[in-house]
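Protein chains in written order, with my numbering: chain A, 1 to 227; chain B, 1 to 143.
Derived from the structure by calculation, the hints contain no laboratory data.
Any given hint could be a false lead.
What the hints assert, rightly or not - List of simulated lysine-lysine pairs, BS3-like, C-alpha gap at most 30 Å:
#1 B:Lys-22 x B:Lys-125
#2 B:Lys-123 x B:Lys-22
#3 B:Lys-22 x B:Lys-79
#4 A:Lys-170 x B:Lys-116
#5 A:Lys-170 x B:Lys-22
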Amino acid sequence: MQVSPSPSPACWSCHAATDGAHFCPACGKIQPLASADYFAFFGLPQRLQLDADDLERRYLSLSWKLHPDNFVRADQFERDLSLELSSQLNDAYRTLRDPVSRVEYLLARLGVRKEGQTRQQAPPELLEEVFELNESLEELHMAREAGGDGDETAELRRRLEEAGRGFEKKLADVDAELAAASRDLDAAMDGARDPLLARLNEILNRRSYIRNLVANVARELQEGEPA
Amino acid sequence: MAYSDKVIDHYKNPRNVGSMPKSDPQVGTGMVGAPECGDVMRLQIKVNPETQVIEDAKFKTFGCGSAIASSSLATEWVKGKTVEDALQIKNTDIVRELSLPPVKIHCSVLAEDAIKAAIGDWKRKRAESESQPEASTAAAQGD
Ligand code: FES
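Chain A on its own, in the form it takes in the complex (with noise of 0.2 Å):
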């Protein structure tokens, strides 16, 4: 859990008014968390596109300020202040350095994309696709538990390599897509929002599929076992 964010954004200590900060601007304490938000969170807009550098920079900046040694002397009260920030930066930073995560995440936060209520559909020549892939895989692990021939094994195996190239092009292609509809949101008014959100829910959904068979192929081809 975290701290709840503080109803005034006045400093605790000294209740200068603190405008989010991490820290208060004239007495320099650690402040609770202002938003819950992960882009806030670095002083960022919600935009998609953000430069990787300046992330990082703002990561290790904010990490070294937040670390829990430099509140060794401090009271309880900052002690737990300064983890549960590092704690909130590290997650904060692990979802928005991933290009993936953070389209999912921002969704999310905005109430597009909803565990369970996704309910449109691929398209059927991707599920089919995904499905004889899987077939496949599910040959060569049984040929594999069986000690078959070496002939045949080798033969899956070419074919599932075959298709994990396939499937890693998908994926690099599903990809550039998400970067340019990315793109797109980050330029477009509020009113144009809602048609490029659910176009970016879109194709999340279908690298889904794609992301899991580039692991199962993985893992298959790696000869350990499929979960």
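Please arrange chain B with the ligand on chain A, whose structure you already have, making use of the hints.
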């Protein structure tokens, strides 16, 4: 995650795993996926054209234990029902029967969607064959 006994039973002894020829006019095929997790399910039904009763059902699921159990249960339930009755099966019925926890509801939704998709496919095929009693020149229309 603790699975209920019924889920484990269907998972270990799935009923009606397999496939039927897609091109068979009596067979309807539903292929669906769960975008949340990327799992896929295929459910097929074989319908008696006179009585509209589902005489056989097969499934194949690449997904979690709950999805396998949901689709296994779905094939058991649709067998012997008319197409219209089978359409009444709701994912909430599956959730109740298998005691699925909230995070696994989408797995049961997948099974309901698969039943609907299979029936939809069968109906489409039948409508097509009725509108083209003889081999017709318009056979290559898109849908
Ligand atoms: S977790 Fe994907 S269908 Fe169950």
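Comparing the hints with the structure gives:
1. B:Lys-22 x B:Lys-125: holds, 11 Å
2. B:Lys-123 x B:Lys-22: holds, 14 Å
3. B:Lys-22 x B:Lys-79: holds, 18 Å
4. A:Lys-170 x B:Lys-116: holds, 29 Å
5. A:Lys-170 x B:Lys-22: holds, 27 Å
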